[in-house]
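Asker: Chains as they are written, first to last, in my numbering: chain E, 53 to 509; chain G, 53 to 509.
Identical copies carry no separate label here, and so any pair may be met within one copy or between two of them.
Under the rule of at most 30 Å between Cα atoms (straight-line distance), these lysine-lysine pairs were calculated in the BS3-like manner: (1) 318 x 360; (2) 400 x 506; (3) 121 x 241; (4) 443 x 318; (5) 354 x 318; (6) 99 x 82; (7) 492 x 415; (8) 318 x 75; (9) 132 x 411; (10) 506 x 415.
Note that these hints are calculated values from the structure, not bench results.
There are 2 protein chains.
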Amino acid sequence: MEDKESLVKMDFENMFSTAIGEKHGLEEEKTANFASSISEYTGEIQKRRGGDIGFMELPYDRENAERIKEKARKIKTWCKNFVVLGIGGSALGNITLRDALLHSFQTLSEEDGNIPRIFVLDNIDPALIGDLEDILEGQLPDTAFNVITKSGSTAETMSQFLHFRELLRETEGCNPTQQMVLTTDPDPKNSLLREIGERDGYFMLPIPRNVGGRFSVLSSVGLLTAAVGGMDVDELLAGASIMDKRCQNKELEHNPAAKYAVLLYKLYQEGKHISVLMPYSSRLRALALWYCQLWAESLGKKDGLTEKNIFQGPTPVPSVGVTDQHSVMQLYQDGPFDKVLTFIEVRKNKQKGVRIAEKDIEKDLQYLSGKDFDELFRSEFLATRSALRDKNRPNCTISIPEVTPMTLGELFMFFEYAVTYSGFLYDVNTFDQPGVELGKRYTYGLMGRMGYEKPSL
Amino acid sequence: MEDKESLVKMDFENMFSTAIGEKHGLEEEKTANFASSISEYTGEIQKRRGGDIGFMELPYDRENAERIKEKARKIKTWCKNFVVLGIGGSALGNITLRDALLHSFQTLSEEDGNIPRIFVLDNIDPALIGDLEDILEGQLPDTAFNVITKSGSTAETMSQFLHFRELLRETEGCNPTQQMVLTTDPDPKNSLLREIGERDGYFMLPIPRNVGGRFSVLSSVGLLTAAVGGMDVDELLAGASIMDKRCQNKELEHNPAAKYAVLLYKLYQEGKHISVLMPYSSRLRALALWYCQLWAESLGKKDGLTEKNIFQGPTPVPSVGVTDQHSVMQLYQDGPFDKVLTFIEVRKNKQKGVRIAEKDIEKDLQYLSGKDFDELFRSEFLATRSALRDKNRPNCTISIPEVTPMTLGELFMFFEYAVTYSGFLYDVNTFDQPGVELGKRYTYGLMGRMGYEKPSL
Numbered sequence: 053m054e055d056k057e058s059l060v061k062m063d064f065e066n067m068f069s070t071a072i073g074e075k076h077g078l079e080e081e082k083t084a085n086f087a088s089s090i091s092e093y094t095g096e097i098q099k100r101r102g103g104d105i106g107f108m109e110l111p112y113d114r115e116n117a118e119r120i121k122e123k124a125r126k127i128k129t130w131c132k133n134f135v136v137l138g139i140g141g142s143a144l145g146n147i148t149l150r151d152a153l154l155h156s157f158q159t160l161s162e163e164d165g166n167i168p169r170i171f172v173l174d175n176i177d178p179a180l181i182g183d184l185e186d187i188l189e190g191q192l193p194d195t196a197f198n199v200i201t202k203s204g205s206t207a208e209t210m211s212q213f214l215h216f217r218e219l220l221r222e223t224e225g226c227n228p229t230q231q232m233v234l235t236t237d238p239d240p241k242n243s244l245l246r247e248i249g250e251r252d253g254y255f256m257l258p259i260p261r262n263v264g265g266r267f268s269v270l271s272s273v274g275l276l277t278a279a280v281g282g283m284d285v286d287e288l289l290a291g292a293s294i295m296d297k298r299c300q301n302k303e304l305e306h307n308p309a310a311k312y313a314v315l316l317y318k319l320y321q322e323g324k325h326i327s328v329l330m331p332y333s334s335r336l337r338a339l340a341l342w343y344c345q346l347w348a349e350s351l352g353k354k355d356g357l358t359e360k361n362i363f364q365g366p367t368p369v370p371s372v373g374v375t376d377q378h379s380v381m382q383l384y385q386d387g388p389f390d391k392v393l394t395f396i397e398v399r400k401n402k403q404k405g406v407r408i409a410e411k412d413i414e415k416d417l418q419y420l421s422g423k424d425f426d427e428l429f430r431s432e433f434l435a436t437r438s439a440l441r442d443k444n445r446p447n448c449t450i451s452i453p454e455v456t457p458m459t460l461g462e463l464f465m466f467f468e469y470a471v472t473y474s475g476f477l478y479d480v481n482t483f484d485q486p487g488v489e490l491g492k493r494y495t496y497g498l499m500g501r502m503g504y505e506k507p508s509l
Numbered sequence: 053m054e055d056k057e058s059l060v061k062m063d064f065e066n067m068f069s070t071a072i073g074e075k076h077g078l079e080e081e082k083t084a085n086f087a088s089s090i091s092e093y094t095g096e097i098q099k100r101r102g103g104d105i106g107f108m109e110l111p112y113d114r115e116n117a118e119r120i121k122e123k124a125r126k127i128k129t130w131c132k133n134f135v136v137l138g139i140g141g142s143a144l145g146n147i148t149l150r151d152a153l154l155h156s157f158q159t160l161s162e163e164d165g166n167i168p169r170i171f172v173l174d175n176i177d178p179a180l181i182g183d184l185e186d187i188l189e190g191q192l193p194d195t196a197f198n199v200i201t202k203s204g205s206t207a208e209t210m211s212q213f214l215h216f217r218e219l220l221r222e223t224e225g226c227n228p229t230q231q232m233v234l235t236t237d238p239d240p241k242n243s244l245l246r247e248i249g250e251r252d253g254y255f256m257l258p259i260p261r262n263v264g265g266r267f268s269v270l271s272s273v274g275l276l277t278a279a280v281g282g283m284d285v286d287e288l289l290a291g292a293s294i295m296d297k298r299c300q301n302k303e304l305e306h307n308p309a310a311k312y313a314v315l316l317y318k319l320y321q322e323g324k325h326i327s328v329l330m331p332y333s334s335r336l337r338a339l340a341l342w343y344c345q346l347w348a349e350s351l352g353k354k355d356g357l358t359e360k361n362i363f364q365g366p367t368p369v370p371s372v373g374v375t376d377q378h379s380v381m382q383l384y385q386d387g388p389f390d391k392v393l394t395f396i397e398v399r400k401n402k403q404k405g406v407r408i409a410e411k412d413i414e415k416d417l418q419y420l421s422g423k424d425f426d427e428l429f430r431s432e433f434l435a436t437r438s439a440l441r442d443k444n445r446p447n448c449t450i451s452i453p454e455v456t457p458m459t460l461g462e463l464f465m466f467f468e469y470a471v472t473y474s475g476f477l478y479d480v481n482t483f484d485q486p487g488v489e490l491g492k493r494y495t496y497g498l499m500g501r502m503g504y505e506k507p508s509l
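In isolation and in its complexed conformation, chain E is listed as follows (with noise of 0.2 Å):
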């Protein structure tokens, strides 16, 4: 595996003054005097992995990753509909994941015979939960589920637990030992789940304690769906590997995710607060969704490591191409000059070679007469980017040859990587989250359990 190279390429020309100016662009040897205290922080990420950083190891956790595929294996002699019970880093990932690798429309889809529909309960919304057992009505049975939270004790998925477990129990021919997988922290001490995975018998998958929500799409919390949505799970951990070395390299111009945070920290401190993820593939739309997360709750934060009350962050914001040319584009384009872009290009879209049309166009449209939706697409993509260039607008691209397993495997140990490396810049602890302790707390109180007070409202 590590003999394989990197499809991913970056470009990140049109950040700099050369492509849009003085005014709004990074000066190149400004962001090279980050040099040494990127070689410093890749020293210290590397010190500490498999310490108290962990996501970069999960590709090479091969032995889980084959007991996650034996399980898939079996799950699947029965399963038609495999539902993620799970919130925030516990559902984004696996939306992700089947969005990017499975067919648009993966419920109704018949073309995989053998993949069962892959539903994500990521709210719990009365609504949205009633009408999921709508749709599970009569095949309880053919239903398997995968209780996700690291903690063993997320309000919002414990109660999904109890709900579907007794659903479960109640209903003729079901078994929730047998039909759920429960994913969470290896020691009962620190899970209930784990505590009731172990006193009931499930079949239980861990997350590792160094390895947070928000990193953990590569370990069983994503894995499984990948199995058993039959993707290529080596395929998706040796993209990560592949990454993962790249990574690793101390000096910040053959670091792609090192410059990459580099730069966005830059253009933050020039006053570029929002960043923008604006993949031109609408499979991945989620993977936005999944940056969101990962940007916002590694980086807002409200005290630094040295300095308190700093009240920092970033503000990532999701979009699609070509789909949002239509909408915020022109807000991007005209308004402020407080936003940075991050493209995702997908240079070969044409695994399904659809043809616009070629018989009878009309004159007007004659532009569009035997070229491919491919070729349209991509001109609006290059379109859009040189506009945002031409109106000073920094941006940068993140290109990939196709969507694969192989190339989601390393956008998400880039990403990974570059949050990593932006909390040393920002000076923040990157992995924790305190800032939502006060809801959770409020609405414990709400709910009436022991040791919580009700706020005012």
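We have chain E; now place chain G onto it with these hints.
Answerer: Chain G alone, transformed into the frame defined by chain E:
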């Protein structure tokens, strides 16, 4: 219809210094200073009503609504799949209607046997188009299309039109003039699509000249989808007309859209440049995307009406509760003080009455026992709102009893009025989108259209 009362309530309390402190909250009296401007703007808006501003007249076009209902009845006698071809304002309103008012898994649901599966093709990604064609395979004779482009020349929509027209022409048992509705400008001089429709005898629906794409959901653009989807079109329009009445009020304190516009504008001036719309309802997820287009295209402008090169406009960001509590909320609570959040609260989510669980609940989860998901869902909303307030983060709440055609109609009209008032405050032309022209020209150049030059890449 005038007798019905508005069901939408506003709560602006958490935007004021009395709730969130002087540093980040507004002063009541300062916003009151806008009273006379608002009175003036209200007069001007109503003077221009039906002139160059048309959206508020849409609820009263009974004739068009009846014609659409009749057409929908006919379509539903033979149609199994209803496909909207459109992008931007031609897509987002339709997606919002479908997701808000139909089953969460509409294309899988057999609950409403006579509602066709509704697809909105809002991109030209060849992978997406290819996948849709897989799903329609063998069902093309049972598939209706609504081709929506006001200008009748949008590259994305016209390429989709050409493609599916050719496909229908070449497929046995299909006929594009029978299966496609063309929704566009009423005048063939302004719309090639109208010209084609008149020449070849397509059924056509109008988009009024004075209604731009992002304001068009209550025109033919959205109404055919609504009627085909079995939604109560009359209630939808009634809701809109109720809010129209409220937003004609010249008194700031009694005009919810004007008040909302003023408060957001004041907060923008004080550095809250990001406006997050966060419905606590998985059904209203798409409404946030619709809102983002409305806000971004209307207010994100290079030139003001009286001043050039202002490069202004708030950045709208879509969110959804409770899901995003486990994603971007960390940033919203602890990051920079550059945001204002607008919640949409659905007071009655109980229609499905989904109980979490009652039997054999583990001790640490007893607080969930016997509760409805609705109670947890609502508690999390209240807890999150209180936490934001206690962290001095400005937020407001738009509250509706249920997601119904009536309340959705009110919400559409509310936001359309609010952005219109905002346009006056920001001193911009709310109704154009000149910023995206450059990208369109570049696209034509790259596609080899006569008279357009290629950009440098």
